[in-house]
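We have chain U already, so just place chain H on it with the hints.
There are 2 protein chains.
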Amino acid sequence: MSKKWVYLFDEVKQAEAYAGDSHSDLRTLLGGKGANLVEMTRINVPVPIGFTITTEACNAYLSSGGIFPEKMWEQVQEALRSVEVASGKNFGDRKNPLLVSCRSGAKFSMPGMMDTVLNIGLNDQTAQGMIDLTGDERFVFDAYRRLIQMFGNIVIGISDEVFERKIAEARKRAGVETDAKLTTDDWKSLTSEFKVIFKHHTNHTFSIDPYKQLEMAIKAIFKSWNGKRASDYRNAAGIPHDLGTAVNIVTMVFGNMGDDSATGVAMTRNSSTGENRIEGDYLANAQGEDVVAGIRLTKDISGLQAEMPETYAEFEKIAQRLEYHYREMQDIEFTIEKGKLWILQTRDGKRTAQASVRIAVEMAEEGLITPEEAVMRVTPEQVDFFLHPQFEPDAKAAAKTEGKLLAYGLNVSPGSACGMVAFDADLAEAWSKEEDKHVIMVRPETKPDDVHGMLAAKGILTSRGGRTSHAALVARQFGKPAVVGVSALDIDVNKRQMAVKKEIIKEGDWISIDGTFGEVYAGKLKTTVPDIRDPWLIKLLDWSDGFRRLGVWANADCHSDAERARAYGAEGIGLCRTEHMFFESKRLPYLHKMIMSDLPIERREALDALLPFQREDFAGLFRVMDGLPVITRLIDPPLHEFLPNYDDLVNDLFDLKIRLTHADTLEAVNTLLVQIKNKDLILKQVEKLRESNPMLGMRGVRLGIQIPELTTMQVRAIFEAACMVAKDGVEVYPEVMIPLVSHVNELKVQRELLEEEALKVMKEQGIEIDYKFGTMIEIPRAALTADQLAEYAEFFSFGTNDLTQTTFGISRDDAESSFLVKYMRMEILADNPFATLDRDGVGELMDIAVRKGRAVNPDLECGICGEHGGDPESIRICHQLGLTYVSCSPFRVPVARLAAAQAALLDRKTE
Amino acid sequence: MSKKWVYLFDEVKQAEAYAGDSHSDLRTLLGGKGANLVEMTRINVPVPIGFTITTEACNAYLSSGGIFPEKMWEQVQEALRSVEVASGKNFGDRKNPLLVSCRSGAKFSMPGMMDTVLNIGLNDQTAQGMIDLTGDERFVFDAYRRLIQMFGNIVIGISDEVFERKIAEARKRAGVETDAKLTTDDWKSLTSEFKVIFKHHTNHTFSIDPYKQLEMAIKAIFKSWNGKRASDYRNAAGIPHDLGTAVNIVTMVFGNMGDDSATGVAMTRNSSTGENRIEGDYLANAQGEDVVAGIRLTKDISGLQAEMPETYAEFEKIAQRLEYHYREMQDIEFTIEKGKLWILQTRDGKRTAQASVRIAVEMAEEGLITPEEAVMRVTPEQVDFFLHPQFEPDAKAAAKTEGKLLAYGLNVSPGSACGMVAFDADLAEAWSKEEDKHVIMVRPETKPDDVHGMLAAKGILTSRGGRTSHAALVARQFGKPAVVGVSALDIDVNKRQMAVKKEIIKEGDWISIDGTFGEVYAGKLKTTVPDIRDPWLIKLLDWSDGFRRLGVWANADCHSDAERARAYGAEGIGLCRTEHMFFESKRLPYLHKMIMSDLPIERREALDALLPFQREDFAGLFRVMDGLPVITRLIDPPLHEFLPNYDDLVNDLFDLKIRLTHADTLEAVNTLLVQIKNKDLILKQVEKLRESNPMLGMRGVRLGIQIPELTTMQVRAIFEAACMVAKDGVEVYPEVMIPLVSHVNELKVQRELLEEEALKVMKEQGIEIDYKFGTMIEIPRAALTADQLAEYAEFFSFGTNDLTQTTFGISRDDAESSFLVKYMRMEILADNPFATLDRDGVGELMDIAVRKGRAVNPDLECGICGEHGGDPESIRICHQLGLTYVSCSPFRVPVARLAAAQAALLDRKTE
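The listed protein sequences correspond, in order, to chains U and H.
Here the first sequence is numbered in this note's numbering, starting from 83 and rising by one per residue.
Here the second sequence is numbered in this note's numbering, starting from 83 and rising by one per residue.
Next comes chain U alone, as it looks inside the complex (with noise of 0.2 Å):
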């Protein structure tokens, strides 16, 4: 007996329940299309009959060089007699014409390369046939032509431009805008030009005979799986070349047949809101085509209702089948000829992030799926969306064809912002203040003076910078939309203006900023501003928090930071950076007196004037934490970022000599003297500060090393003000964390102060604080050599940011912005590793941690700080390291209890 090469669509009853499965034999034997059809034949979904012709039966077709494989034609004749006994309908015969289309289907989707040919079984003969049955000559012409268009252009290979050529002057000499207002004898003469030039091309009349245009037809799919365009998207794609295609032979079926007929698309569920209601259009006698081109206005599903109760009670009973059967939400193509109803394609609807939550909560509660399922077909980003005002898609597709779309740059921070632009700091503080102004900062790059003006605009837009540069991080720790790194733009701040394309934005012009895609728009876009207290996003979340095995924990520096974490879940603080209070106006001061001051008692002075003001910082913290661990960080970055930058104060210096080389009264002189001077005591000091890599410099535990009373004051800070809390009721879990520690002597050395101080502090308020101590590892000795570390470390927080540069040797601020983006367009570096934790690596370091660590101190606590924290790839990995917790932005809290659970759901169906 010899192969099997064709299967009907309903000969498959036993095939696998479920065909959408990409790994199913099924699929690689029909193609996902074939086995598509073949599935709603299993389920009795009125699909046009037909047959599919094997992946197999192609391959064995191209490994021969061009010929059917054995009995394969006779097995499709066979299969057409069948179809032609199940329709009533004979291919070639001139009563009853059976016409069918031709496509080409592979294992996995291929847009764009799917040949199709439709109409197979027109000829001169059997169209006469048809205009006899349906009475309309101009729907026959349309479709004869259509063959021999298509056959033409996919069979034989004559350029389609040369038929459309031909259509485009039907309608200049008919005077007509579209092929809709083309007539009758349009088509018909149309339909003879064609012919003429398929003789032309081919030498020879368009062929008559139906079984000589199926078999050119699929002989010519068959091919084109070779074809350099379908090669090309393979290659790029990672789809292998030897699958090859199948062939499906479809009836043809029309809506256009009557007022009886009709076609249209629907959605089982809203796909905007995911509301469980079937959506869609469609139109009366009318071809798929036309809805899907927009050139007739479509009607609402709900018409169809009253014009043909019947018919759509039934397609109503058979979307929900579709929508039970895949158990998702179904975007169904359907025709109705003369009353029949038959679904010709059925696929998992897209939708907003909205809906894809809401729908998946609501299957979950209607018993479609379970819940883990629910959990695992949101994803972070459509969580994400949940959390910031976002640009409406209408808006955006205008302004990109109005050519509003000014640059691109990295989507740091996501969500969308309109505003003016203000250059400087002070001037967004003070415009963001006036009514109806807001405000986009625009700035090369930012520094720690920027930060009133950051939380004062709507949104941030820098010329520099990368994905962890200063804009980036205050940016999403604040949940400002921000796009960095923008090249095309040419600052000039002292013009207050900036070039991009040739376009001038002076300072006050509107712009409007895409951070969840990185795009710089000219004018305002109408925004949308979805709710994070949407109650199915509640429900999955809270899905997710019974799920997840890790723990989810927030960056917060302040109180009103923390609020927020709490309010989106968090259930700790991981991190908050002591150093960020000092940036305050009324503290940098004190903190520059530290910093000039070589006397130790002159710095203890300036110490002891920002101890009350750290103490009500933690103070107002551990309120709001109230019963949850808080991490607090000593002083981290080099002392020089707190003082003014070095090239800024030699530019100064310069302008001043300048200036005073032109004074001319003694009074201006003195004055100009005593500015330098100033000016140049501060250089000093920058300049003693100065490091050739300050990244690798004196910060972190070194400088509480260096400066022991620093240290010993914020300690005095977290004791006194935990103290002050516990009196009032408040539980305090404070956690000390010690930053850039490499090696563990550092770590005893500033353990020891810390207990004393700690101690000295507790007796002196009468009350005991349960505290721990611990250390940061973002540095790669401090992991190797965690087992030593625990022996002094009650908990360790992964530092990924600096971790990720110090494993990698590389500079995020110099990298991100030069050698980082060519290595991932040469795909030397498959993600930029400050965006997703570098398993092999930097994962590497964090395995070696957790497990020399945890040898020694079986409770350790284990938990990620960096920015990592807040990426869901990154949060699978924590979750197979085994960490404690994440800590992410607040921003990204709700995001984090998504993907963590997801890990964890992950995990229990690998094991």
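By construction, these hints were calculated from the structure, which means they are not laboratory data.
Just so we're clear, the structure is a prediction, and the values are computed from it rather than from any experiment.
Don't take each hint at face value.
Copies of the same chain look alike in the list, so a pair counts if it fits in one copy or across any two.
[Stated by the list, open to error] Here are the simulated BS3-like cross-link-like pairs (lysine-lysine), alpha carbons at most 27 Å apart as the crow flies:
#1 Lys904 / Lys675
#2 Lys305 / Lys86
#3 Lys904 / Lys770
#4 Lys739 / Lys761
Structure of chain H alone, referenced to chain U:
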């Protein structure tokens, strides 16, 4: 039977053979000194008879709160009786009194806390007996007052100054300068005065009972174990506090009892040259102290041979026996009392580096020790001594006394040098060409531009920079003595002078620097030049080569380096830094052109011009290393290092602009404008290349990927050179190394580039070259993913300088002059990790890399080319990690050969 607390010296015949071993039980029980006296007695060396009270007795005494343990005192008396019998003298006997010394002696030597009381047994009666016996009243009263003084000080606690003041008064009264000039009467009346002092402090007359003297002396010594001085010393030296001290009671012998008496010290071999001949000094009719104190002119030991031939012959025999017994050159103290030779002490003799080598080698040749032991006895530092000139120790001592030691700095490159101060490279070079002008090049810090001056100079001195600063690296590479980071120097290059200790040193003044000890002297110091061709050293290194398992390669950038490396025994070039070749004046302009041009074609042109230079360099290296492997590393440093310094450019521009404001002719203005424009162009490029952390920036393989033409040019130069010399019959084994790799894909990309170009060159040249491709491991991620790298690398070379920086998160440029110093002072770090490999962190990464790499490729060649490759302790670690070779500067090659052998021998021991 009660416990045995007291051992006569001749009672321990069956003790362990070698009491020199600090782990022996005998030393624990009897202390080092006691065990030594026992040992000498055991091998029939004439030691004054005596006995030892055990450390156990001391501990029992201390823990009982001050009571001799049961029967101890009885055992002491019994032992004393044995001594009386043996000596024929009696303790306290007025006719023939026995005098003894009472000396503490712990298990480990504790210099400065060893309490001793001499002449115990003297009182008014026995003193008279001594006078009757010796007829030397002066000698007896001197001995008597010494007993009162020592007893008063050590047993009673009277300040020694009180006694010494009296002696000083006596000298003044007598009008003499030294004690030796004091008469019998002087000593007689001093004895009386001392008795008064004693009475005054104790309310007791000086004890007349010798037994009481002895008892109190023993108790005082016991107690001294817990004294503050001893306790502090033990804390510092890490000696346990529960060991206790033994007490040795030894018969007094006197070398000042007439012309048949003498005293002296002698070494069994020459301590300067190592020659196998006794050397020493003695004094006839004198006390041991007189020899040591240098009050009287000592005679050469050869005189003793003439004066007392028999006794000398006996001494010679004993000296040989001691050397043979201890298998080491001995430093022996002896006394001849009335023709009878007594050995008072023997210990291993101190010696110079040359002597150390010769003695070890000759002892092995004599069969006294094995060649393995000879290799273990010489320290690597002693080998290093042969490679550099050194100041004569006397000259240094004198200079220090005269206050010529100006400052200390980091001893980054060993050896000494004298020269005239030159503050810039051109002057240094110019002066060095003149006859009799030697130069010390002095700079705040050095840059690649300075290299020609550094090469011309005799030594290098900088006020800034650390152990791996440019100055240090270059100095070590070329064997120039160097002291860097001398912060006490205030260098004013503009004024051509430097201030130190309020002294001004002008350009042209002579200074001397000691790179072995990090010292800076004013003026010229006398210097000796050792010879590496020392036959004993050659022999020792030959033996070493036979023992070591590690290969010893050298870092060499040019053929003269390579020649030296080969002469010193290098077995390959582990690192040729190709970029060093670019700094030559003929080549730098092309490199500048390459950097400044943004057009690939211009870049290509510049590179083409550099190619012949590089080829020539490589050919030279290959020729010298005929038959041995040569690893060339492709360009590594960031490009900005080849351009002028940013700050300098800004300053220059500032100056030019200031001059512009003063320019008064049109011509001057135009000239300045052109200059400003040119400087500005360079500044722009420097600004473009500027990075916030250049150490982690655009360098190494990142550069090779950014500018593939650079890689291609270098590869072409290597292979053209290799083909060229191979045709001349030279055996070439080129290995091409990629720096700063952190991801396997970097290696893949560069390997493809290399293979293509290499193949092209070999085809052009019509010859096949056997080569290897490999990578530096200098980034933690490279070590962590070594299994992946090993798929594309035939060798790894650990760049431990950078690996230490990234593993610790430390910038060496900044840290070595700042917090690292503090860390070592605070003992947070035991060693400078840039000098000695950090085993726990960096070593752990190396271990991971070697294991992972060899798991994939068992033949993987693993070496080290960082500075650590020449450090003995680090070489030990490299041996333990199973590296293939260490590579170090040519000057460290002999050191490394010895250190590698010692590592292997130590390994055998622990097996």
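At most 27 Å between C-alpha atoms: does lysine 904 with lysine 770 qualify within a copy, between copies, both, or neither?
between (36 Å within a copy, 17 Å between copies)
Exercise. Classify it for me, lysine 904 with lysine 675: is the Cα-Cα distance of at most 27 Å met within a copy, between copies, both or neither?
Key: between (43 Å within a copy, 23 Å between copies)
- Under a CA distance limit of 27 Å, which applies to lysine 739 and lysine 761: within one copy, between copies, both, or neither? Cα proximity of lysine 739 and lysine 761: in one copy and across copies (11 Å, 20 Å).
One pair to classify: lysine 305 and lysine 86, alpha carbons no more than 27 Å apart. Within, between, both, or neither? within (20 Å within a copy, 106 Å between copies)
Violated hints: none; the structure is consistent with every hint.
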